[in-house]
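Chain order of the listed sequences is A and B. Mapping the first sequence onto the numbering used here, position 16 (from 1) lands on 16, and the numbers just tick up by one. Position in the second sequence (from 1) plus 298 gives the number in the numbering used here.
Hints were generated in silico from the structure; no laboratory data involved. Don't take every hint at face value.
[What the hints assert, rightly or not] Distance ranges between label pairs, derived from CB positions:
id : chain 1 : residue 1 : chain 2 : residue 2 : range
1  : B       : ASP591    : A       : ILE16     : 34 to 44 Å
2  : B       : PRO567    : A       : GLU226    : 23 to 33 Å
3  : A       : GLU226    : B       : GLN328    : 46 to 56 Å
4  : B       : GLY566    : A       : TRP10     : 49 to 59 Å
5  : A       : VAL283    : B       : GLN459    : 28 to 38 Å
6  : B       : THR408    : A       : PRO114    : 18 to 28 Å
7  : B       : ARG487    : A       : ASP222    : 24 to 34 Å
8  : B       : ASP323    : A       : ARG194    : 51 to 61 Å
9  : A       : ASP293    : B       : PRO307    : 56 to 66 Å
10 : B       : PRO307    : A       : ASP222    : 17 to 27 Å
11 : A       : THR170    : B       : ALA441    : 38 to 48 Å
12 : A       : PRO114    : B       : ARG487    : 49 to 59 Å
[Stated by the list, open to error] Counterexamples of contact, computed for chain B against chain A with all Cβ distances above 10 Å:
id : residue
13 : GLY316
14 : ASP336
15 : ALA357
16 : LEU398
17 : ASP400
18 : ALA409
19 : ARG416
20 : ALA451
21 : ARG452
22 : SER454
23 : ILE527
24 : GLU542
[Stated by the list, open to error] Rough simulated footprint, nothing fancy, chain A against chain B, three-plus residues with beta-carbon under 8 Å:
id : stretch
25 : 326-333
26 : 549-556
27 : 581-593
We treat Cβ as the ideally placed atom computed from N, Cα and C, and that holds for glycine.
Protein chains: 2
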Amino acid sequence: MLIRPTSEPWLRDAVIAGGGVPVDDHSQAQAAIWRGSDHERLERILAASPDITWVQLGAAGTDAWAKTGLFDDGRTWTSAKGAYSEAVAEHALSLLLALLRDIPRFAAATAWQPQSGRTLFDRTVLVLGAEGGIGREFIRLLAPFRSRVLAGARDSVRDAQSGETLDLMTALAIADATVIATPLTDATRGLIGREQFAAMQPTAVVVNIARGAVIDTAALVDALRERRIAAAGIDVTDPEPLPEGHPLWGLENCLITPHTANTLEMLGPQFARRVAENLRRFVSGLPLVGVVDATKGY
Amino acid sequence: MLIRPTSEPWLRDAVIAGGGVPVDDHSQAQAAIWRGSDHERLERILAASPDITWVQLGAAGTDAWAKTGLFDDGRTWTSAKGAYSEAVAEHALSLLLALLRDIPRFAAATAWQPQSGRTLFDRTVLVLGAEGGIGREFIRLLAPFRSRVLAGARDSVRDAQSGETLDLMTALAIADATVIATPLTDATRGLIGREQFAAMQPTAVVVNIARGAVIDTAALVDALRERRIAAAGIDVTDPEPLPEGHPLWGLENCLITPHTANTLEMLGPQFARRVAENLRRFVSGLPLVGVVDATKGY
Numbered sequence: 001m002l003i004r005p006t007s008e009p010w011l012r013d014a015v016i017a018g019g020g021v022p023v024d025d026h027s028q029a030q031a032a033i034w035r036g037s038d039h040e041r042l043e044r045i046l047a048a049s050p051d052i053t054w055v056q057l058g059a060a061g062t063d064a065w066a067k068t069g070l071f072d073d074g075r076t077w078t079s080a081k082g083a084y085s086e087a088v089a090e091h092a093l094s095l096l097l098a099l100l101r102d103i104p105r106f107a108a109a110t111a112w113q114p115q116s117g118r119t120l121f122d123r124t125v126l127v128l129g130a131e132g133g134i135g136r137e138f139i140r141l142l143a144p145f146r147s148r149v150l151a152g153a154r155d156s157v158r159d160a161q162s163g164e165t166l167d168l169m170t171a172l173a174i175a176d177a178t179v180i181a182t183p184l185t186d187a188t189r190g191l192i193g194r195e196q197f198a199a200m201q202p203t204a205v206v207v208n209i210a211r212g213a214v215i216d217t218a219a220l221v222d223a224l225r226e227r228r229i230a231a232a233g234i235d236v237t238d239p240e241p242l243p244e245g246h247p248l249w250g251l252e253n254c255l256i257t258p259h260t261a262n263t264l265e266m267l268g269p270q271f272a273r274r275v276a277e278n279l280r281r282f283v284s285g286l287p288l289v290g291v292v293d294a295t296k297g298y
Numbered sequence: 299m300l301i302r303p304t305s306e307p308w309l310r311d312a313v314i315a316g317g318g319v320p321v322d323d324h325s326q327a328q329a330a331i332w333r334g335s336d337h338e339r340l341e342r343i344l345a346a347s348p349d350i351t352w353v354q355l356g357a358a359g360t361d362a363w364a365k366t367g368l369f370d371d372g373r374t375w376t377s378a379k380g381a382y383s384e385a386v387a388e389h390a391l392s393l394l395l396a397l398l399r400d401i402p403r404f405a406a407a408t409a410w411q412p413q414s415g416r417t418l419f420d421r422t423v424l425v426l427g428a429e430g431g432i433g434r435e436f437i438r439l440l441a442p443f444r445s446r447v448l449a450g451a452r453d454s455v456r457d458a459q460s461g462e463t464l465d466l467m468t469a470l471a472i473a474d475a476t477v478i479a480t481p482l483t484d485a486t487r488g489l490i491g492r493e494q495f496a497a498m499q500p501t502a503v504v505v506n507i508a509r510g511a512v513i514d515t516a517a518l519v520d521a522l523r524e525r526r527i528a529a530a531g532i533d534v535t536d537p538e539p540l541p542e543g544h545p546l547w548g549l550e551n552c553l554i555t556p557h558t559a560n561t562l563e564m565l566g567p568q569f570a571r572r573v574a575e576n577l578r579r580f581v582s583g584l585p586l587v588g589v590v591d592a593t594k595g596y
């Protein structure tokens, strides 16, 4: 197995743990691990490596890759989707609790403040992307809080308790919190825009740990500035990184973390587990985990 | 049942829901609900009301009451201990996640930052007061994170998974996070001081949602200032409210919330449930929930 663009010891260990052999010559490889986003460089390697039938990407989100057309090359492509779900779902919960509990405001205070804050217990939480790895994990973390979960999948929203189906606008209108965990696709780009913010309650909070462009940023700025919603907690932005002076930085009801739901320290062990698992499957001819559907782009 | 010092409609409703009758004349009352901290006023009422055999306090923590000696008057005293556990435990988790995820720092930023943060997954968490209502509820909220829970009770600490018993200093030394949920008693006052902070790891975080005086404040200031521990998140302080200019306000690794784990909005519904429950028990002659042990003071 080829490990590129860099071949750290822990990743070589993961390959060996999965029953594979790390190789440095791409012409000897039957599979490749590719971390990072340089698709042109990978494309050159693959063009010279007809024996490579499987490519494992390090990223969980593959929107940038989908545009390159590489997924149509006849190889099996796997992303790390699902591998990093725990850390990302945890970050979503951290942002949600921080917003409800007014933590950004208290953190900035230098004097005792009046009590404020809301509890997550017994809230209605709309999870967009509820069937993905992060969405499922987030719902698991939410379970102790007796939340009414509205599980948004591609075409509809389902009340997880009653089984009732809602349309998105209705779900947005009754949700205390909307948590975005969808992949970025043509269908989800700008999914939450002016109309959707307008449908939300003025007490609603929005959390985005997916991709910045699922939200229409200009609409978010207006919704927060005019307090049409209470607050947003976003780990991803559009554009990203968010440039200095961007209006979102100036909004006290916008909590921004710098795409840090998974740090490099968190990623390594999780990716190593996935690599080892997929190599075991590859060696045994079993279906791989995280196979990219080229028609969907993720 | 007498409801004092104020008798809000929702509390009268709770009394009726529990099968009681709200009365305004204390001489007709067999039981009393007392919210607030004015023990002298309550003492005067009780002195003139020999028929009152049970007093339900609105507070969960009764350290201030224990000192008055009122608990020795032969009546049954119940505090609201356990009734507010969910909201307080949730706040503890909010503080813990905020510290691990660097949210106070990111909230203050006005430009994109390097990634940082740690996950709560697979951490060792020492819970002091693990057998109390808040401690038990906090451990329940922690469950999805595969934490190794070290459950601290009055005399020892137990590894909840292995059953192994540890002494407090050993537990402090191996904990990634220490969460304080003990009542304030003579035994817990200043429980976490210089020696205890010195035993902790430099990466350790401390959360206090109990009473400020369980921590030696001067020792906390030094531990945070000298980075002997990574950070603290405290909803309670000693003195409280924390005066302006206090050194804790100036420490960027100290997150302070103003005793707001339970806001008035959160308290009402939880206290009403407890009052109704206890009245049902009182009417039926069953043991009450939250009976204060006068010898322990809580």
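The hints, checked one at a time:
Take ASP591/B and ILE16/A: their Cβ atoms lie about 59 Å apart, and the range 34 to 44 Å is violated. One distance hint, 23 to 33 Å for the beta-carbon pair PRO567/B and GLU226/A, holds here, with the actual separation near 31 Å. A C-beta distance of roughly 54 Å is found between GLU226/A and GLN328/B, which places it inside the suggested range of 46 to 56 Å. Take GLY566/B and TRP10/A: their Cβ atoms lie about 52 Å apart, and the range 49 to 59 Å holds.
For VAL283/A paired with GLN459/B, a C-beta distance near 34 Å keeps the hint of 28 to 38 Å intact. For THR408/B paired with PRO114/A, a C-beta distance near 26 Å keeps the hint of 18 to 28 Å intact. Hint check: ARG487/B to ASP222/A, Cβ distance near 51 Å, so the stated range 24 to 34 Å is violated. The hinted range of 51 to 61 Å is satisfied by ASP323/B and ARG194/A, whose Cβ atoms lie roughly 59 Å apart.
Separated by about 57 Å at the C-beta atoms, ASP293/A and PRO307/B satisfy the suggested range of 56 to 66 Å. Taking the beta carbon of each, PRO307/B and ASP222/A are about 40 Å apart, not inside 17 to 27 Å as hinted. Range check, THR170/A to ALA441/B: Cβ separation about 32 Å, and the 38 to 48 Å hint is violated. Restraint check, PRO114/A to ARG487/B: a C-beta distance of roughly 28 Å breaks the suggested window 49 to 59 Å.
In this structure GLY316/B is separated from chain A by more than 10 Å, as the shortest Cβ-Cβ distance comes to about 21 Å. Residue placement check: ASP336/B keeps its beta carbon more than 10 Å from all beta carbons of chain A (closest about 19 Å). Distance to chain A confirms ALA357/B as a non-interface residue, since its nearest Cβ pair spans about 15 Å, more than 10 Å. With a least beta-carbon separation of about 8 Å from chain A, LEU398/B fails to lie farther than 10 Å from that chain, contradicting its non-interface assignment.
A cut-off of 10 Å between C-beta atoms contradicts the statement that ASP400/B is not in contact with chain A; the least separation is 8 Å. Consistency note on ALA409/B: stated as away from chain A, yet its beta-carbon is not over 10 Å from all of that chain's, at 5 Å minimum. Not every CB of chain A lies more than 10 Å from the CB of ARG416/B, the least distance being 8 Å, so the non-interface label is violated. Against the 10 Å criterion, ALA451/B stays outside the reach of chain A, whose nearest CB is about 22 Å from its own CB.
Listed as a non-interface residue, ARG452/B keeps its Cβ farther than 10 Å from every Cβ of chain A; the least gap is roughly 26 Å. The Cβ of SER454/B sits about 27 Å from the closest Cβ of chain A, beyond the 10 Å cut-off, so the non-interface label holds. With a closest Cβ-Cβ approach of about 18 Å to chain A, ILE527/B is found to remain outside the 10 Å limit, as its non-interface label requires. Not every CB of chain A lies more than 10 Å from the CB of GLU542/B, the least distance being 5 Å, so the non-interface label is violated.
Coverage of the stretch 326-333 of chain B by chain A is violated in this model, with 0 residues showing a Cβ closer than 8 Å to a Cβ of that chain against a need of three. Given a C-beta distance limit of less than 8 Å, the hint that chain A covers the stretch 549-556 of chain B holds, as 4 residues qualify and 3 suffice. Check on the stretch 581-593 of chain B: 0 of its residues sit with their Cβ under 8 Å from a Cβ of chain A, so the three-residue criterion for coverage is violated.
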